[in-house]
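Asker: Sequence:
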Amino acid sequence: MAQWAKIAQIIHVLPSNTVHSLYPPNTFPIEARFYAAEWIENQRCYNNKDITFLEHKVSELMNLRQATHQHQEELNWERQNLETIERSLQEWKYSQHKAVIGFPFDSNLLPLQMWSEQLLGINERLRQEYMLVGTPNPACKLQLENLLHSLIDSSLVVEKQPPQVIKTQSKFSTTVRCLLGEKVMPGKPVVIKAQIVNELQAKNLGNLHSDTVAELINNQSILEKHPGNKTTCATFRNMSVRKIKRADRKGSESVTEEKFAILFSTEITYVGCDTSYQIQMISLPVVITVHGSQDSNALATILWDCAFARPDRVPFAVPDSVSWREMCQTLNCKFTSEVNTQHNLDKFNQHFLAQKIFDKPDFSGDFSEMMVSWAQFNKEVLPGRSFTFWQWFEGVTELSKKHLRPYWSEGLIFGFIGKHHLHMILAERPNGTFLLRFSDSEIGGITIAYVSACETGGQKVQNIQPFSKKDLEIRSLADRIRDINEILYLYPNVGKDEAFGKFYTGPLVPPSDGYLPATLHTKVGP
1 MAQWAKIAQI IHVLPSNTVH SLYPPNTFPI EARFYAAEWI ENQRCYNNKD
51 ITFLEHKVSE LMNLRQATHQ HQEELNWERQ NLETIERSLQ EWKYSQHKAV
101 IGFPFDSNLL PLQMWSEQLL GINERLRQEY MLVGTPNPAC KLQLENLLHS
151 LIDSSLVVEK QPPQVIKTQS KFSTTVRCLL GEKVMPGKPV VIKAQIVNEL
201 QAKNLGNLHS DTVAELINNQ SILEKHPGNK TTCATFRNMS VRKIKRADRK
251 GSESVTEEKF AILFSTEITY VGCDTSYQIQ MISLPVVITV HGSQDSNALA
301 TILWDCAFAR PDRVPFAVPD SVSWREMCQT LNCKFTSEVN TQHNLDKFNQ
351 HFLAQKIFDK PDFSGDFSEM MVSWAQFNKE VLPGRSFTFW QWFEGVTELS
401 KKHLRPYWSE GLIFGFIGKH HLHMILAERP NGTFLLRFSD SEIGGITIAY
451 VSACETGGQK VQNIQPFSKK DLEIRSLADR IRDINEILYL YPNVGKDEAF
501 GKFYTGPLVP PSDGYLPATL HTKVGP
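For the record, in the sequence shown the residue sitting at position 493 is 493 according to this note's numbering, with numbers rising by one throughout.
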């Protein structure tokens, strides 16, 4: 044993080739030799029983070492997979956020659910094996507990988000899903509670005070298993916000710029776990309004948040400005998703929108890297107008969604175009050539610009008074185009009946009461 003590003092300074020559790698490990050294020196080496006992002890040590190594490898594997799940969940939530404004989104959570349940099972097995190991390993135990906590903390997901603009007294629903639903301990029902939190509270979820910022009706739901689709969900139905307490506003900030969220919390016990766990999950930000007139500005806040928030942000931080490239992509995505069309805003539409928001009607260069501020988007009114850029754009989107989708989808509407560009492309076109453009002087209007003869013998471009949502509810755009004799060819040279004929309303059927049918016609001129 004295020799082993000397070796133990100097072995760490010996060259590796010397250590390997003394203790070849394929023989008993150094640790095994040291472990048995004292016992060997106190025994008679020719005792077969003692030799067998020694071999058994060495085998135990090697098995323990192998088991510890295997457990560590499995722990590393679980940690890597948990990190992958957390990253995938983060990407899923980010895509869900972007989907609000029309970006593509795969809502299927089943692969992540199966993966999570598998990891929970592996964690349970490793914890059981740890209990059977004679020699405790505190570091291993701590890793297992941390992995379990992280997995459980990620198990609640807001599968169906609440509407992101919520009007007080209006009913809405939302759904929370548990990704470890198959592992929930049977017996006592799991109740999930919901409450409204403001931005400050969302930043400090671990230190929530009892102060409530809103009265939320029907704010509890029970977690239920649905074997048919292998989900475990809590659906909140007929929720509504009764009262809202707003924070002190900064400067010119309006009530529609204040963001809230719904916090879901519960206590769950899982099979194989010794204790219950407190879990929280927060929804996407919402804006709470009290009147329909606030909807447009509230939607602007939500669009900016959904489009430009970063995945790892502090709630609910967003940049003050973004590049026109990002803004343009967002506007196109929002427009096409709302109108439900595959026909995108073209480069001419996009350029005019940039001219509009930057107030550069004569600029013909590239706007891509110019920065758009929140104020330019929805705080400052457009020059010479009483509305903001967003209010104008949103009005066009609503009009197109309700009355113009088929025309837009078939490319019959030019859309966003400035008057300078308009006169340029209609120059020297035959009289009666026309195009359809969105009004830039009114919210939610579409107008017809056409070429007509001047009294002096030349040509001029005329703009018919814009048609609003109300106008198109009375008589469709196609029928109005048919009515107007002054317009003949859709730019560049398509006959109007060829372009719009399939959208014309058929002859009126005489009513059965004996009255003659009557209809309205559109006429241009004084």
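Derived from the structure by calculation, the hints contain no laboratory data.
Computed from a predicted structure; not experimentally measured.
Don't be surprised by glycine CBs; every beta carbon is placed ideally from N, CA and C.
Be aware that one or more of the hints could be misleading.
Okay, derived cross-link-like pairs now, DSSO-like style, lysine-lysine, Cα gap no bigger than 30 Å in a straight line [to be verified]: (1) Lys419 to Lys250; (2) Lys188 to Lys171; (3) Lys93 to Lys171; (4) Lys250 to Lys225; (5) Lys419 to Lys470; (6) Lys193 to Lys160; (7) Lys245 to Lys230; (8) Lys245 to Lys188; (9) Lys188 to Lys360; (10) Lys193 to Lys245; (11) Lys250 to Lys401; (12) Lys98 to Lys188; (13) Lys171 to Lys160; (14) Lys245 to Lys225; (15) Lys203 to Lys230; (16) Lys98 to Lys496; (17) Lys230 to Lys243; (18) Lys250 to Lys347; (19) Lys250 to Lys188; (20) Lys171 to Lys523; (21) Lys98 to Lys141; (22) Lys193 to Lys167; (23) Lys347 to Lys188; (24) Lys460 to Lys379; (25) Lys160 to Lys93; (26) Lys171 to Lys141; (27) Lys245 to Lys379; (28) Lys356 to Lys171; (29) Lys347 to Lys460; (30) Lys356 to Lys230; (31) Lys193 to Lys379; (32) Lys230 to Lys167; (33) Lys419 to Lys356; (34) Lys243 to Lys356.
FRET-style restraints, in silico, Cβ to Cβ [unchecked claim]: (35) Asp106 to Glu338: 28 to 34 Å; (36) Ala518 to Ser452: 46 to 52 Å; (37) Ser386 to Gly514: 30 to 36 Å.
Asker: What hint numbers does the structure not satisfy?
Answerer: 1, 4, 7, 8, 9, 11, 12, 14, 15, 16, 17, 18, 19, 20, 21, 23, 24, 26, 28, 30, 31, 32, 34, 35, 36, 37
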